[in-house]
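Turn these sequences into a full structure, and let the hints steer you where they fit.
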Amino acid sequence: MIEVCPVCGNSGLYYEVGGYAGKVYHCKECGYMGAFIVEGNEEMVEKIREKYKREKGKGEE
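Numbered by our numbering, the letters in the sequence shown go through residues 2 to 62 in order.
Hints are supplied without guarantee of correctness; some may be wrong.
[What the hints assert, rightly or not] Once the Cα atoms are required to be at most 20 Å apart in a straight line, the calculated PhoX-like pairs of lysine-lysine come out as:
{"id": "1", "residue 1": "Lys54", "residue 2": "Lys24"}
{"id": "2", "residue 1": "Lys52", "residue 2": "Lys24"}
{"id": "3", "residue 1": "Lys59", "residue 2": "Lys24"}
{"id": "4", "residue 1": "Lys29", "residue 2": "Lys48"}
{"id": "5", "residue 1": "Lys48", "residue 2": "Lys59"}
[Unchecked claim] The calculated label-pair distances, taken between Cβ atoms and stated as ranges, are:
{"id": "6", "residue 1": "His27", "residue 2": "Arg50", "range": "17 to 25 Å"}
{"id": "7", "residue 1": "Met2", "residue 2": "Gly32", "range": "22 to 30 Å"}
{"id": "8", "residue 1": "Val39", "residue 2": "Gly19", "range": "16 to 24 Å"}
{"id": "9", "residue 1": "Lys57", "residue 2": "His27", "range": "28 to 36 Å"}
{"id": "10", "residue 1": "Arg55", "residue 2": "Gly35", "range": "32 to 40 Å"}
{"id": "11", "residue 1": "Gly20", "residue 2": "Glu40", "range": "16 to 24 Å"}
Keep in mind the hints are simulated off the structure, nothing from the lab.
Ideal Cβ placement from N, Cα and C applies to all residues, glycine included.
Here's what the structure looks like:
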């Protein structure tokens, strides 16, 4: 299983803060910050990435 960003599917996450409040992750690719991350296999990660690229493309039109 791979831990990835729930927005863009990137595995480039790092801890922004931690401790009593729990972990907060920051994505290097899209800037997402939050406690929720996805643990998935390659197929699931690829679907997240495809969805992100489609949605990102719509915003550029």
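A quick look at each hint next to the structure:
1. Lys54 x Lys24: violated, 27 Å
2. Lys52 x Lys24: Judged against 20 Å, a Cα distance of about 26 Å means the pair is violated.
3. Lys59 x Lys24: Not OK: Lys59 and Lys24 at ~32 Å, beyond 20 Å, violated.
4. Lys29 x Lys48: Distance of about 19 Å is within 20 Å: holds.
5. Lys48 x Lys59: holds, 17 Å
6. His27 x Arg50: 17 to 25 Å: holds, 18 Å
7. Met2 x Gly32: 22 to 30 Å: Holds: the Cβ-Cβ distance is about 24 Å, inside 22 to 30 Å.
8. Val39 x Gly19: 16 to 24 Å: Cβ of Val39 to Cβ of Gly19: about 19 Å, so the range 16 to 24 Å holds.
9. Lys57 x His27: 28 to 36 Å: violated, 18 Å
10. Arg55 x Gly35: 32 to 40 Å: Distance hint for Arg55, Gly35 is violated at roughly 21 Å.
11. Gly20 x Glu40: 16 to 24 Å: holds, 22 Å
In terms of the numbered hints stated before, the structure departs from hints 1, 2, 3, 9, 10, listed from lowest to highest.
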